[in-house]
Amino acid sequence: MKTVTIDPVTRLEGHGKISIFLNEEGNVENAYFQVPELRGFEKFCEGRPVEELPDITSRICGVCPEAHHIASTKALDAVFHVDPPLAAKKLRELLYSAFFVADHTTHFYILSGPDFVMGPTAPKAERNILSVIGKVGLEVGTSIIKHRSDALDVIAMIGGRRVHPTCGVPGGVSKPIAENERLSYPPTCVSDKNVQI
Amino acid sequence: MPKPKIAFNWASSCGGCEIAIFELGTKLVDVANKIDIVFWPAAFDFKYSDLEAMPDKDIAVTFFNGAIRNSENEHVAKLLRQKSKLLVAFGACAYGGGIPALANTTSREAIFKHDYKETPTTDNPQSIYPQAKAQVKEGELTIPDFYNTVKTLDQTVDVDYFVPGCPPVAEQVSNVIDAFVTGNLPPKGAVMGASDKSLCHECKRVKGDRKISKILRTYETIPDPEKCMLEQGVICMGPATRGGCRSVCLDANMPCRGCYGPLPNVIDQGAKMLSALASIFAAENEEDITKLAEAVPDPVGTFYRFSLARSLMRRTKQ
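As you go down the protein sequences, you meet chains A and B in turn.
Quick note on numbering: this note's numbering labels position 20 of the first sequence as 20, and the sequence is numbered without any gaps.
Quick note on numbering: this note's numbering labels position 49 of the second sequence as 49, and the sequence is numbered without any gaps.
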């Protein structure tokens, strides 16, 4: 039986491999999607101080660390039986909302979008973000990059870091938004977007 | 003249280093006009077969992130070494093992048993575990062999440069890219995109007499954001960690966990931190010192959070 192997699966976070078996007529007999990676977080997190887990588990995925960080932080709330004050809940939610914007731009424009924008029959050397920018023009491309970066500015302002935030503590967040941070935000980020903090 | 060819790869990693590269934004677009990206699984669609088909040393520089966790990571590291003139260990995992190397406190067998059998959300009554080769009715399937010990990139192949950080911060990635574009490179083996001094040198917090009589867990205190974290009793890896990150975690009122790795000429980041810590313990006798030291709940995970594979211990005994 002939086998077509797609290795690695590209433009997603993580490792993937697809093995497609073709029958004598050349039709797909069966296909297997395999995940050829494991790190063992479930095991190596055991026995570590629970308050350190938001820092460790965010490394499950550097494309969506905010999701893992916040999930782990909410688990801490449960472990410590604490209900964060409203301000902390709002800060976490604002961080997550900014992540929602950043992650969707990552997913759409950098990861899966190129296959649609360039089309499935485009040469593989063209199915990427650089060719997308080439096609839509540098002006649109720059705007996408800027909006994504703006969202990461908000993540960094609340979470402390642009990738792998560090703010999650049981019952809240480690830092407030300082007044100077709040004031510095609108001119650089949201002047044209009708968003206010 | 043809454009220089550049490759990016991830091994056992999280993708955060890829985001750090995406963070170059418009600069990446400018740089991309001057280079030819020939392999980058996170952003391009080239396959391992494309890599295998290249002549040796055809790639000018490869930025390799992630630790060496399995046989695929090792194979691709060797392949990229063969195809590249320069190989850069990019990020904490390729440099020191990073978070994946915390698994060196356990074993392949224990991870398999826990992850595929014991976790509450796993239902595996037949005790099926991953096999490097498996027979299915259509033929054979293969997956990489999962190693017992996580290694760094330079424990696997020869490495030209190291860029620390989990992930490296955007300005430093930009500096590193500039160095390669201009050819203004340090001697082989250098750490790029980081300071040669400890994080304490760039931390804005006020340092006092640096004596501590108690160790606190992060939830036990709300640290004064103006004062040295360590002096307030919260273990901060700053004294044993390279600067260069602009002390972003401390600015968020959280301690440094050491992701920028050991200082120059220091082999073992954790041992350096233990030495720094011992010198500031305000203890008069052995009993008090022991009491202070015992207040650290997870010494390996605290002092070697990002550098266990690179440390003198590398892993726990079995």
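It is worth saying that the hints were derived from the structure and are not from the lab.
Check before you lean on any hint, since a few could be wrong.
[To be verified] List time: in silico DSBU-like cross-link candidates among lysine-lysine, alpha-carbon distance up to 35 Å: (1) LYS89/A x LYS207/B; (2) LYS5/B x LYS188/B; (3) LYS137/B x LYS2/A.
Proposed proximity, LYS2/A with LYS137/B (alpha carbon, max 35 Å): 13 Å, holds
Restraint status (C-alpha distance of LYS5/B to LYS188/B at most 35 Å): OK: LYS5/B and LYS188/B at ~20 Å, within 35 Å.
Hint consistency between LYS89/A and LYS207/B [alpha-carbon to alpha-carbon, up to 35 Å]: 32 Å, holds
The structure agrees with every numbered hint stated previously.
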